[in-house]
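K.L.:
Protein chains in written order, with the working numbering: chain G, 1 to 307; chain R, 1 to 351; chain S, 1 to 349.
Please keep in mind that the hints were generated in silico from the structure rather than gathered at the bench. We put the CB at the ideal spot given by N, CA and C, even for glycine. Incorrect hints may appear among the rest.
[Claimed, not checked] Below 27 Å or equal to it, Euclidean Cα-Cα: the simulated DSS-like pairs (lysine-lysine) are:
#  : chain 1 : residue 1 : chain 2 : residue 2
1  : R       : Lys-211   : R       : Lys-287
2  : G       : Lys-225   : G       : Lys-81
3  : S       : Lys-179   : G       : Lys-81
4  : R       : Lys-287   : S       : Lys-199
5  : S       : Lys-49    : R       : Lys-287
6  : G       : Lys-225   : R       : Lys-127
7  : S       : Lys-199   : G       : Lys-269
8  : S       : Lys-53    : G       : Lys-128
9  : G       : Lys-225   : R       : Lys-130
10 : G       : Lys-269   : S       : Lys-179
[Said to hold, decoys possible] In silico negatives: residues of chain G with every beta carbon more than 12 Å from chain S:
#  : residue
11 : Leu-18
12 : Ser-75
13 : Asn-84
14 : Leu-173
15 : Pro-256
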Amino acid sequence: MLAFIVRRLLTIIPTLFLVATFVFVLVRLAPGGPFDTEREVPAEVKAALDAKFRLSDPISVQYKDWLVGAVTTGSLGPSMKYHNRTVEELIGMTLPVSMELGLWAMLVAVAIGAPLGVLGAVRQNTWKDSVAMAAAMLGISVPRFVLAPLLVLVFALKLYWLPVARWESWRHLVLPVICAALPMAAYIARLARAGMLEVIRSDFVRTARAKGLSERVIITRHALKGGMLPVVSFLGPGFAGLLVGSLVVEKIFDIPGMGRYLVESVLNKDYNLTAGIALVYGGLLMVSNAAVDVAYKFLDPRVELDR
Amino acid sequence: MTHLLEVKGLKTHFFTEEGVVRAVDGVSYHVSRGEVLGIVGESGSGKSVSSLSTMRLIPEPPGRIVAGEILFSSKGGPPKDLVRASEREMQSIRGDRIAMIFQDPMTSLNPYLRISRQLTEVLELHKNMKGSEARARGIEMLTSVGIPDPSRRFDDYPHQLSGGMRQRVMIAMALLCDPELLIADEPTTALDVTIQAQILELIAERRDLSKVGVVLITHDLGVVARLADRVAVMYAGRIVEQGPAQRIFEDPRHPYTVGLARSIPRLDDDRSRRLVPIQGMPPSLSKLPSGCPFRPRCKNALPACAESFPAERVVARGDETRADASRDPAIGVGDHVVFCHEEDKDKVQAS
Amino acid sequence: MSEEAPTPGIAEAPVPDTRPGHPAPEQPSVHGEHHEAEKGSSLWVDAWKRLRKNRVAVGSGVILVFLVALCLIHPEVTAYPYDKTALETGATPPSWAHWFGTDDYGRDLFSRVTFGGRVSLAVGVLATFISFSIGVSYGAIAGYFGGRLDALMMRVVDVLYTLPLLVFVILLTAFFANKDTIFYDWFVALLGLFADNPKDPEYLPLFKIFFVFGALGTMSWLTMSRIVRGQVIALRGQLFVEAARSVGVSDLRLIFRHLIPNALGPIIVYTTLTIPEVMLTEAFLSFLGLGTEEPLSSWGQLVSNGVESLDLNPWLTVFPGLMLAVTLFCFNFLGDGLRDALDPRIRKD
Numbered sequence: 001m002l003a004f005i006v007r008r009l010l011t012i013i014p015t016l017f018l019v020a021t022f023v024f025v026l027v028r029l030a031p032g033g034p035f036d037t038e039r040e041v042p043a044e045v046k047a048a049l050d051a052k053f054r055l056s057d058p059i060s061v062q063y064k065d066w067l068v069g070a071v072t073t074g075s076l077g078p079s080m081k082y083h084n085r086t087v088e089e090l091i092g093m094t095l096p097v098s099m100e101l102g103l104w105a106m107l108v109a110v111a112i113g114a115p116l117g118v119l120g121a122v123r124q125n126t127w128k129d130s131v132a133m134a135a136a137m138l139g140i141s142v143p144r145f146v147l148a149p150l151l152v153l154v155f156a157l158k159l160y161w162l163p164v165a166r167w168e169s170w171r172h173l174v175l176p177v178i179c180a181a182l183p184m185a186a187y188i189a190r191l192a193r194a195g196m197l198e199v200i201r202s203d204f205v206r207t208a209r210a211k212g213l214s215e216r217v218i219i220t221r222h223a224l225k226g227g228m229l230p231v232v233s234f235l236g237p238g239f240a241g242l243l244v245g246s247l248v249v250e251k252i253f254d255i256p257g258m259g260r261y262l263v264e265s266v267l268n269k270d271y272n273l274t275a276g277i278a279l280v281y282g283g284l285l286m287v288s289n290a291a292v293d294v295a296y297k298f299l300d301p302r303v304e305l306d307r
Numbered sequence: 001m002t003h004l005l006e007v008k009g010l011k012t013h014f015f016t017e018e019g020v021v022r023a024v025d026g027v028s029y030h031v032s033r034g035e036v037l038g039i040v041g042e043s044g045s046g047k048s049v050s051s052l053s054t055m056r057l058i059p060e061p062p063g064r065i066v067a068g069e070i071l072f073s074s075k076g077g078p079p080k081d082l083v084r085a086s087e088r089e090m091q092s093i094r095g096d097r098i099a100m101i102f103q104d105p106m107t108s109l110n111p112y113l114r115i116s117r118q119l120t121e122v123l124e125l126h127k128n129m130k131g132s133e134a135r136a137r138g139i140e141m142l143t144s145v146g147i148p149d150p151s152r153r154f155d156d157y158p159h160q161l162s163g164g165m166r167q168r169v170m171i172a173m174a175l176l177c178d179p180e181l182l183i184a185d186e187p188t189t190a191l192d193v194t195i196q197a198q199i200l201e202l203i204a205e206r207r208d209l210s211k212v213g214v215v216l217i218t219h220d221l222g223v224v225a226r227l228a229d230r231v232a233v234m235y236a237g238r239i240v241e242q243g244p245a246q247r248i249f250e251d252p253r254h255p256y257t258v259g260l261a262r263s264i265p266r267l268d269d270d271r272s273r274r275l276v277p278i279q280g281m282p283p284s285l286s287k288l289p290s291g292c293p294f295r296p297r298c299k300n301a302l303p304a305c306a307e308s309f310p311a312e313r314v315v316a317r318g319d320e321t322r323a324d325a326s327r328d329p330a331i332g333v334g335d336h337v338v339f340c341h342e343e344d345k346d347k348v349q350a351s
Numbered sequence: 001m002s003e004e005a006p007t008p009g010i011a012e013a014p015v016p017d018t019r020p021g022h023p024a025p026e027q028p029s030v031h032g033e034h035h036e037a038e039k040g041s042s043l044w045v046d047a048w049k050r051l052r053k054n055r056v057a058v059g060s061g062v063i064l065v066f067l068v069a070l071c072l073i074h075p076e077v078t079a080y081p082y083d084k085t086a087l088e089t090g091a092t093p094p095s096w097a098h099w100f101g102t103d104d105y106g107r108d109l110f111s112r113v114t115f116g117g118r119v120s121l122a123v124g125v126l127a128t129f130i131s132f133s134i135g136v137s138y139g140a141i142a143g144y145f146g147g148r149l150d151a152l153m154m155r156v157v158d159v160l161y162t163l164p165l166l167v168f169v170i171l172l173t174a175f176f177a178n179k180d181t182i183f184y185d186w187f188v189a190l191l192g193l194f195a196d197n198p199k200d201p202e203y204l205p206l207f208k209i210f211f212v213f214g215a216l217g218t219m220s221w222l223t224m225s226r227i228v229r230g231q232v233i234a235l236r237g238q239l240f241v242e243a244a245r246s247v248g249v250s251d252l253r254l255i256f257r258h259l260i261p262n263a264l265g266p267i268i269v270y271t272t273l274t275i276p277e278v279m280l281t282e283a284f285l286s287f288l289g290l291g292t293e294e295p296l297s298s299w300g301q302l303v304s305n306g307v308e309s310l311d312l313n314p315w316l317t318v319f320p321g322l323m324l325a326v327t328l329f330c331f332n333f334l335g336d337g338l339r340d341a342l343d344p345r346i347r348k349d
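Generate coordinates for the entire structure from the input sequences, incorporating the hints supplied.
P.N.:
This is the structure in structure tokens:
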């Protein structure tokens, strides 16, 4: 098992390298530089800045130095807008915030989505099923940036139950986490329902019925494991969706997370920061996909470990 | 005397968007202890649905048992109508008094659970056995169905076993609680020919040793010939002929049974006897023809065949002493009966 | 291991799926070789029947038609054009004159929403068209030729799947949707066909929107290519393909005239489901300030502006947000209904 995990993690490296290269080249190919502002900067100042960030070197040289720095010292270069801050410092500050939001949201999404989906499958074609699935469809269709203002409007601005924004106590966590979690919960509910339905119709569940097991035991012991596999494989891409969703959630709720810094860095043309955050996003996405593969092997005994 | 299982006038229909599918449309048969009843028919003749009805495992909706009785006499007690039993009562009967073996051992075992768990849960449920006691009984059962190295195999997952071994596990699972009735739905269809023989042998052994009654469902006349004491031939949701296995093979009366028998290759055939397939296709169960469902494919169809489903005719009496007097006309357990207007014509001519 | 061993006794019997648990288990007459001939026409007829019975899907379709018509017609006939300002009134709540109220510049929100609907819907349709073209061709070619080419092409898709594509879209739109790129030159050349002065800065927001079409389209074809590939592989072995090949039909013609039309069901379903996905992404980009720009409007951009004054003028957020949600909701329900109708095997019920 350990060998498998290590091997699976090693496969990330080439893809991550691809992402790093693409992002680095992309930001530097873009027309205009980080210091081309509306305000005319004296030529010598601009030259000094360009020299400091080595923007006048050929891209290949910049890339080589960046990559060597990243691999050997974990350094992703200085930020071009936040003076005297390095990219890894900024990521170190903001990543934990985003992770806290993301992991809570994932937990809430599974806690809401999975039972809803199982209920829909077990009570197929009843009103409970219809209500659960209509709710799921709603969750998929209402974008986070529509959901968030509505929630704020009701729970913060009208009812005064929860704070509008910021990231201080657990009460500040509630709305952003719900907001990030609901669309994912909706996807999970649909996948859980489809997965459970497929399993419930399978031959081995019929065998379980023929043994005289009660419906409750059939669902929990025989159907749940197989029925949840689609949900497990969704958690990888789902986590990526959460990260992207966090761009919106962090903006609306004024949360100092990585997503907000990504948007800001993009608008500021803070090349180093953009490349660094994009790289971290790519890495997180790939690690979560690898984690899903590992989890899959725990759940499905048919999957061979040495493949 | 009462039979172990007696099915009377069973009708199981499926209510689909395309119309009512009359999968089982008035079927009666019975099984005694220590007896193998073979139910033969094509795919779609309703043989599987009739056995699933017995277990009350018809998916509802769209399926529903619309008429009939399924009388099951456990331990020689009074017959209980399973059609009217509650789900809780059925759960205590399933897997304990009536057990079932399914066609495809590759998909009928839960791939996510160890074999040990799938066996012991039956014992926990019906025999209140726990832990090492259930384990020991499970391993004992695996041994008795001929699984080599059973204590090591016990904790395997199903995918680690071959198809034949898995079907043995299925049989072991079915026999764990010493059931009185075993329903085997195409138990050998998915297996290699050599394994088929072993599995049939295993079922025969159980019938002889523990006097379990067996309903053996198959489309393969060869399997029936090898194992069944009596045979019921199903066509389009109805039984068209029923009787002792030997009689059915030697003197088939219904044109459909005759056709079935003629289309089996035999080793002792001389070259001049050609295989004769039955012409045409079985009818759609949601659009059955009037009268006898076999009529469109029958070479000898009479005008009467379009009007009504033929009544039961006794071709030969069986053991009179075991006759069931409660039925009218009183039909003996070993009687050879056929449902065909042809028989009436013969009778008219004879008299 | 064969599912059903060759059976002595029942030589002519078709083998329908008799497992219980599948609805309508026994309909022997619809199986067998007769079926293939009827499949072409009856598939669509059956699908249409099934779709019509699905009230939610039909309702969604009707609402969509209404919304599209509203967005196309209203901005042309309204007395309050989407960009007509009335600074002296400023933001006003919904009223008889302005159903959705007005924004900070006194512009009629209903007009801005219907006009923004054009942009949002256009993004949905055009970007989906791009993703459709790429995905269908790519998947069909990989599936048809098979072998190493297929393995390589699908490996590329696998890798692309693991990339944070939306982050790339964000980078692309932020860095490349401006005047100094080759994309702008292409846009100017294209616009030159319709307008006299394509370099007019007035057209810059339009360029941004087109850029978003392109970026989204080129990023969202992966799933489509997988679906089409699977379909093509399944169809490739069938008789009509062999027949067409034996009479000398060329590969490309075979792919585009025979294989793809036969795989149309899943393609339609997935296309319908791509539209809301792309619209959502466009709205997301606009919300972040990377998509549609003033004075044009799109639903995402309207919500983005509205949120700024959520506590004072909540209607500026609520109406465009609901409009977007309702549209996505209808597209998703319609897509689900189409899937149920066109591919009964993978029905969700």
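K.L.:
Are the hints correct? Go through all of them and say.
P.N.:
Hints versus structure:
1. R:Lys-211 to R:Lys-287: violated, 41 Å
2. G:Lys-225 to G:Lys-81: violated, 50 Å
3. S:Lys-179 to G:Lys-81: Roughly 23 Å between the alpha carbons, so the hint for Lys-179 of chain S and Lys-81 of chain G holds.
4. R:Lys-287 to S:Lys-199: violated, 70 Å
5. S:Lys-49 to R:Lys-287: Satisfied, since the Cα-Cα distance of roughly 20 Å is no more than 27 Å.
6. G:Lys-225 to R:Lys-127: holds, 26 Å
7. S:Lys-199 to G:Lys-269: holds, 25 Å
8. S:Lys-53 to G:Lys-128: Cα-Cα ~21 Å, so holds.
9. G:Lys-225 to R:Lys-130: holds, 23 Å
10. G:Lys-269 to S:Lys-179: It holds: about 16 Å lies between the C-alpha atoms, which stays within 27 Å.
11. Leu-18: violated, 7 Å
12. Ser-75: holds, 21 Å
13. Asn-84: holds, 25 Å
14. Leu-173: Non-interface label on Leu-173 of chain G holds, nearest chain S Cβ at 20 Å vs cutoff 12 Å.
15. Pro-256: holds, 17 Å
Consistency with the previously given hints fails for numbers 1, 2, 4, 11, ordered from lowest to highest.
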